[in-house]
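*Asks:* Chains as they are written, first to last, in UniProt numbering: chain A, 1 to 604; chain B, 1 to 604.
By construction, these hints were calculated from the structure, which means they are not laboratory data. Mixed in with the good hints there might be a few duds.
As the list makes no split between identical chains, a pair holds if one copy fits it or if it spans any two.
To be verified - Restricting the straight-line Cα-Cα distance to at most 30 Å, the calculated cross-link-like pairs of lysine-lysine (DSS-like) are:
no.	residue 1	residue 2
1	Lys449	Lys585
2	Lys296	Lys379
3	Lys4	Lys442
4	Lys442	Lys492
5	Lys333	Lys232
6	Lys43	Lys4
7	Lys548	Lys333
8	Lys379	Lys4
9	Lys449	Lys407
10	Lys239	Lys289
11	Lys270	Lys376
12	Lys478	Lys434
13	Lys296	Lys478
14	Lys239	Lys275
Protein chains: 2
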Amino acid sequence: METKAQVLYDFTAEPGNNELSVREGETITITNQSIGGGWVEAKNSRGEVGLVPEDYIEVNQAQPFTSGGNAAPIDLSFFDSHMPAQASTAQVDVAQPETPVTPVSPGFSSTSPDETSNGNDPWAVFDNNASGGFSNNWAAQPEGTETGKNSSNAWHSGGHGHPQAYQGPGAEDDEWDEEWDDVKSSGGYAESEAGEGGAITRGGAHGSSMKIALNKFPGFSKSGPELYLLSKQPAKGNKLPVYSGDVGPVWAYPDYQLDCVVADPKKGSKMYGLKSYIEYQVTPTTTNKPVNHRYKHFDWLYERLLDKFGSAIPIPCLPDKQVTGRFEEEFIKMRMERLQGWMTRMCRHPVISSSEVFQLFLSYKDEKDWKTGKRKAEKDETVGVMIFSTIEPEGLPDMEIIEVEQKCEQFNRFSRAMDDGVKDLLTIGNEHWKRCTGPLPKEYQRIGKAFQNLSSVFTSSGYEGEATLTDALTSAGKTYEEIAQMVAEQPKKDLHFLMETNNEYKGLLGCFPDTIGVHKAAIEKVKEADKLVAAGKITPSEKVGMSKRASTMSYALQAEMNHFHSNRIYDYNRVMQQYLEQQVKFYEMIAEKLRLAHSQFTTM
Amino acid sequence: METKAQVLYDFTAEPGNNELSVREGETITITNQSIGGGWVEAKNSRGEVGLVPEDYIEVNQAQPFTSGGNAAPIDLSFFDSHMPAQASTAQVDVAQPETPVTPVSPGFSSTSPDETSNGNDPWAVFDNNASGGFSNNWAAQPEGTETGKNSSNAWHSGGHGHPQAYQGPGAEDDEWDEEWDDVKSSGGYAESEAGEGGAITRGGAHGSSMKIALNKFPGFSKSGPELYLLSKQPAKGNKLPVYSGDVGPVWAYPDYQLDCVVADPKKGSKMYGLKSYIEYQVTPTTTNKPVNHRYKHFDWLYERLLDKFGSAIPIPCLPDKQVTGRFEEEFIKMRMERLQGWMTRMCRHPVISSSEVFQLFLSYKDEKDWKTGKRKAEKDETVGVMIFSTIEPEGLPDMEIIEVEQKCEQFNRFSRAMDDGVKDLLTIGNEHWKRCTGPLPKEYQRIGKAFQNLSSVFTSSGYEGEATLTDALTSAGKTYEEIAQMVAEQPKKDLHFLMETNNEYKGLLGCFPDTIGVHKAAIEKVKEADKLVAAGKITPSEKVGMSKRASTMSYALQAEMNHFHSNRIYDYNRVMQQYLEQQVKFYEMIAEKLRLAHSQFTTM
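Bound-form chain A, shown alone:
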């Protein structure tokens, strides 16, 4: 199907950038909407093809953009832009020659435009398959495949936000070829999966995915939380205590709140300058000693954290990998800002910030230390659901399964509702952004021009004393032109941060279906325990153990939710204050400018 779009604003192509000049009001045909980075490929009526910024066009409503997982009639393409090309390239390092990559399974991964209405909505599995359906879906995945790796579930793409004209396309991406550099040393999946005998990867966060390591459990089930529920191994690794706090179960919070500064991006190069990359300086507040990291190191960290903690703690995606473009500096600045946001969030989490892998990332001593630490982290066996084996509720009574289920349902309901609310705000914010940077300042500018134009007509009257009016009128006109400029620039000063925070939360909430799904599956298994005992598949004491472990899982979930709530209250409080403060300044400045313009008219 051809997708037609209407051009909203004039856009002039920059030579040599494969761009297409378009005029306001023109109708163009989208030839490729998977370009990413805020660009689409389009063809004009003369048959010329080139790139056009997404936010300069409006797609015909009857033929919506492929916008993942959101059925809202508003164009969400800016928030849900797919980057399949990148996503697949980004994962090249984990392709295993001995395990063929099977086609995308309909169960979990697809880029269908209306994921909310089918099984691809991450939340939908809880609607349609409330009792057991989830694990069935899961079990349907062929063992050891990499399903979902190559697909992008745009529904919780945490990265690409409101339209940023500076996110341009480029002929090549300096990050991707770099991914090949140390495939050997970092081939994390290949090593660990081979060791564990099986892994299911679910299409989750924007092209990356949550991976839950599995064992072949003889005669019972090949997948899911049973690995932990019926595990006989002693827990490995540091204990993660859960305490009873004022607000309920809480993680153990450190006395000193870790933080770090991501700064000073520098261009480095390899292979006699043929390949270049950006290195960021990361300085933890603990050591105050900076370490350098490239984006792919952040990505490595993300994969490790997801691997290790993803079942218990939603790990938000990294900011989207972007194709670099003509505004490289702004792109780097934007990425840095988002990496800072991601790191701050990780630092704030008591479990993540105190983990060995995170500490390694923040404070490795030298290259050797880093390489050794990397290998160790990649060999960590306490991953997937096994993280729960390290969790120790302190002084908290075992919970009944019914209560476990109620808590889980409550969190599920809340995170779904918040997800809707956040997306709603993002949609509206995006529209407001477009208005504030597009038609509104254009209108103020035209008002300003009209005043100035009238003033110059008046000047031509030749009537004496005309200047008493025309000077003031010209000045009023210029004031409205200044206001136009202010209006256009304001979103960067306030709406930007509101959008960024909500975008971060959208990404975070997008991880909840996966995390909650692990709990749901465990609850289902515990509820089946009687049948399993009757069938002689588990012993009665194993049944008791399962129930106790489900209780432990629930305390972990409650601690995590309480952590989430406390952070959420802090974050929204802060961002709303910032937003309103800037808005006040904005309106006060307009009023002041107009007051000045007013004072120039003669009182008669």
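With the hints as your guide, set chain B onto chain A.
*Replies:* This is chain B only, laid out in the frame that chain A set:
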């Protein structure tokens, strides 16, 4: 051709009003766009037909609204709405059985949608027929016909302004049937035209027209300023002196500036209540004694002033005759406001305000006095170009024809340029009005709702201390809803007056082509004088007289332009001050509201 339109906002029909309910996003077909009063008749996809407010829809750009005399791509239908039905009905009282109404002449009257690009642009005659073409166009009119009476030249429709939802349609108009009441007594045209033997009426101000009384001038020409240039009659009526002032030639200004108050509209009825009308109380500041007048009396006054002074002084049109609708009160208020504006402008004019007919209108003693005065005014013979015979330049030297022509050209250029500027401002103002009352407050409301919605999701978390955030967030949401309301209501407080003033000037400037045309025609005649002398059609002394009279006409024009400039400077100064003052208040109030909303968040 079918005209399709897109519905911008939901509109719910009021029962019994012949209205059509439409939904945002719906496509409808315009079946009649000549309804007027801000309404069009449209058909929906189910074939239902009814009235829809013009400002709730957007006509497909490829098929523009019939918008008189403005080629701008923006829908100006609100400013240029045609009311042919009313215009023709309004003039019923002047239809003469003995003088057949001929079809509309292409020369001066048409409702073609692009009048600016053809001969119907009142300015166009100066472009295309710079030397003599104007009088040719004039002469082409059959003598004694009523061309233009039944057409409306929307180009300078001075009335209907920016979208006012309250200007609704009605089943019948209480004004029109009243027009029949005293056809016998007020049949002004029939009487005077019969007496003078000929009249040419040009399509001019919105369905009304300027009428210049003519004599059959034996063996020379039947039309135009020759009547005055070669007149041998002594001047009748009060003298109108022109003095040399600081700014050049000026009218004689009275010591006391007349003004009046139009107020207290009252519904009256006739024929046992079958026919009703609105009577306004007009109180001149001189006598402070109120007199009552219906709209049709104002219209009578307008016709008299146009008749008597139109060749020398641009007489702005009365506010458009409106069909009454369901918001009758607001309509009456709006008409009153515009009648007040018109009366104030007339009072401010030294020539008009001191004229007998204007004084009669403002301060007649009783019904008998009024009737007698009316009859006298209708019999006034010093009308059309003959008004120049009463003008007496005091202590001003005769001007050469070349200088006369230069002055005329200068005023022509100025008024054309100002006309463009004013229309430009109106177009932009109209768009701004639509945005401020349509999409913008809708967006603020949605932002407000999104905040409140998120707040109520947060409240559902069950997390302790949630209220510290949610109370403030709800309050911020409500603040944005209040801002939405403020934004939507603001145009009535500031833009309204800016639009009204510019609308008034648009109407006034629309009369300039007619007035300047008289001067142009006179100049052409004077330039032909040598040939006429050679051909023996006039004597050499008549030629000298013509030149002197053209000089007198020029002084009148200069005095009038100086009056115009001085009023313009005053009016724009005042309206800009008012506009900016209200804008300052508006932005300050928003800032104040946001400051309050900000203060409710907890500082962390």
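*Asks:* If you check each hint against the structure, which ones fail?
*Replies:* 5, 7, 8, 13 and 14
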